[in-house]
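Enquirer: Model the full assembly from the supplied sequences, consistent with the hints where possible.
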Amino acid sequence: MKTAATVLLAIVALPAPLLGQQRWEQQVQGRLARAVDVLQTSRLPVVKRSGMLNTDEAASFQTTLVQGTPYAILAVCDDDCSRLQLTLLSPSGSDIAKERNSESLPTLRFTAAATAVYGIRVVMEGCRWNPCWYAIAVVPLRKTPS
Amino acid sequence: MASLKRWVLVGLAGCLALALAYLPPRGATASRDSIFVGQSVRGTPARQRAQAVADEWRAADGSLRLLRAREHFRAVAPNAWAATSLVVVSESAGVWAAAPRIADSAIHVAWQQLRLGETKVRVAVILQLAAGTQDRDRPVPEEGRAAYLTPDSTDRTTCIAVVSAGTYWTRILTGDERAPRPVSFAALVQSLKAGLGPCAFYAAYGTPGKSVRSWLASRGWDLALTLDAGQRGQQWGSLLEMADRRYPWFWDAVYSLPPSAVGCLAGRPHGCGVAVLAGASDDPAVPFPDIMRIDRRWGRVPRLIEGQRFLGDVARTVGRDRFLSFWTSALPVDTALAATLKRPVGEWTADWQRDFVRPIRLGPTPPLGGVAIALAIAVLAVALVALSATRRQVR
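Chains as they are written, first to last, in this note's numbering: chain A, 1 to 146; chain B, 1001 to 1395.
Treat the hints with care, as some may be off.
Unchecked claim - Listed next, the in silico DMTMM-like pairs over lysine to aspartate or glutamate satisfying Cα-Cα at most 25 Å (straight line):
(1) A/Lys48 / B/Asp1334
(2) B/Lys1210 / A/Glu125
(3) B/Lys1342 / A/Glu103
(4) B/Lys1005 / A/Glu103
(5) A/Lys48 / A/Glu125
(6) B/Lys1210 / B/Asp1155
(7) B/Lys1342 / A/Asp80
(8) B/Lys1210 / A/Asp37
To be verified - Chain B is faced by these chain A residues, among others (derived, beta-carbon under 10 Å):
(9) Arg23
(10) Met52
(11) Thr55
(12) Phe61
(13) Asp78
(14) Gly93
(15) Ser94
(16) Asp95
(17) Tyr118
(18) Gly126
(19) Arg128
(20) Trp133
Worth flagging that the hints you see were computed from the coordinates, not collected in a lab.
All residues carry an ideal CB built from backbone N, CA and C; glycine is no exception.
Expert: Put into structure tokens, the structure is as follows:
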């Protein structure tokens, strides 16, 4: 089941059509799939995004997180990226959590106190060959038995 | 006698001051009717105004074509990029077509020679062929110019080059029977390689950091026009390199350059540093969209002799990793470049410049005949004063 989920993720996450610069797109999609695999969850990511950014550029998007569900928010980037910052923003736009210490694989874990639209921002803090590709996944985890 | 010596000294000092003030710089005895550094004939004010309007029209039309081309490649023809980072098309009288086969082959050979395989920034080359008949309601396209649209936030991975082939290359590329003598394939490759211009740097090293990009944009990318210009001394990039310094037109060419470039030719590190770092700003700003129109014609006056290959030579000298650290650096350009070169920019550039032109000597220089006559007059004057003073002495 886990393998199937990983394969499905890889297929779904591929941009359509996959043209040009395939190497870097495939690189980040492969990394994201492996990172999700490590979480050992059978659930598919609710959100996947990928793109490319130059050094010091940022990209943001919004996603709805459900109350009481634990989530892992993962970001990966290509070989030329040296530092990626990942930030979770509250519905009002303020920072809830920020991960900038794990260089090219920042991960946040978060359980929403209320169902709402949250923001996710990724900042390309270091890229030695611009632009650098990145990919993000928001993965719901199993609820811990209470 | 003491009074006499003082007057002699004052006279000599005056002569020296006059010489420094009025003697022409070295080599500046050029004839005014040189055929090599010609001054363009000035038109009437109405003609100049018409030319200025035509130039504005060409700039606006060129920008529009570039933006349309980007949209075309992104939305209309995304399949053009399948498994490649280089796309070549030709355009004539506003109609796009596949590039002539020989041009397509030559530019792909150029791409391989530059060792650009799959790149992060892909390049679309639009080869502008001269139209057989020209619409009379718009300005004639200028030959020898190229325009570039570099990646920005709306498309981070596409650089577009519009290269004007001109009548000469159009006839060769299209196999026109009026074509001049056959041109070697290598020459065509070299010409199209140079036509990639800044897009070749984008393909090789990606999008530069803000300070480098702002610096290059402000000076029209004149230091990064050729990623690989070939061996030094194989081609003359300017009149000065082929001129013989014994003749006045060499000095005409020297003094047509900006002062910093002349200083650099003389091997002065300060002049070289100023010539290279002109346009660098502590508050970098990048135009949007970043469109460059570049004059590729031979004989244009450069800011630095062989400047078009400067950053290409820097990259070859320091290696890819060190060049990338400069290219994407957030530091000011002078600091980043000096760190990459591991030397002050001016010193490195002065040494680099010596490979193209033997350093010139600067400063005032009197003509030999003038010196002889001046000395004779001076000796005569001193002798007369001395004689007069001797006769007036009370014994």
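Enquirer: If a hint holds in the structure, say so; if it doesn't, say that too.
Expert: We went through each hint and held it up to the structure:
1. A/Lys48 / B/Asp1334: 41 Å, violated
2. B/Lys1210 / A/Glu125: 14 Å, holds
3. B/Lys1342 / A/Glu103: Roughly 28 Å separates the two Cα atoms, so the pair is violated.
4. B/Lys1005 / A/Glu103: 80 Å, violated
5. A/Lys48 / A/Glu125: 21 Å, holds
6. B/Lys1210 / B/Asp1155: 16 Å, holds
7. B/Lys1342 / A/Asp80: At roughly 24 Å apart (the allowed maximum being 25 Å), A/Asp80 and B/Lys1342 satisfy the hint.
8. B/Lys1210 / A/Asp37: Not satisfied, since the Cα-Cα distance of roughly 37 Å exceeds 25 Å.
9. Arg23: 6 Å, holds
10. Met52: Nearest chain B Cβ about 5 Å off; hint holds.
11. Thr55: Interface hint status for A/Thr55: holds (6 Å vs cutoff 10 Å).
12. Phe61: 16 Å, violated
13. Asp78: Nearest chain B Cβ about 9 Å off; hint holds.
14. Gly93: Violated, because the Cβ-Cβ distance from A/Gly93 to chain B comes to roughly 21 Å (cut-off 10 Å).
15. Ser94: 25 Å, violated
16. Asp95: Nearest chain B Cβ about 23 Å off; hint violated.
17. Tyr118: With a closest approach of 24 Å, the A/Tyr118 hint is violated.
18. Gly126: Holds, about 9 Å.
19. Arg128: 5 Å, holds
20. Trp133: This hint holds: A/Trp133 lies near chain B, its Cβ roughly 8 Å from the closest one there, short of 10 Å.
Comparing the model with each earlier hint shows violations of hints 1, 3, 4, 8, 12, 14, 15, 16, 17; every other hint is respected.
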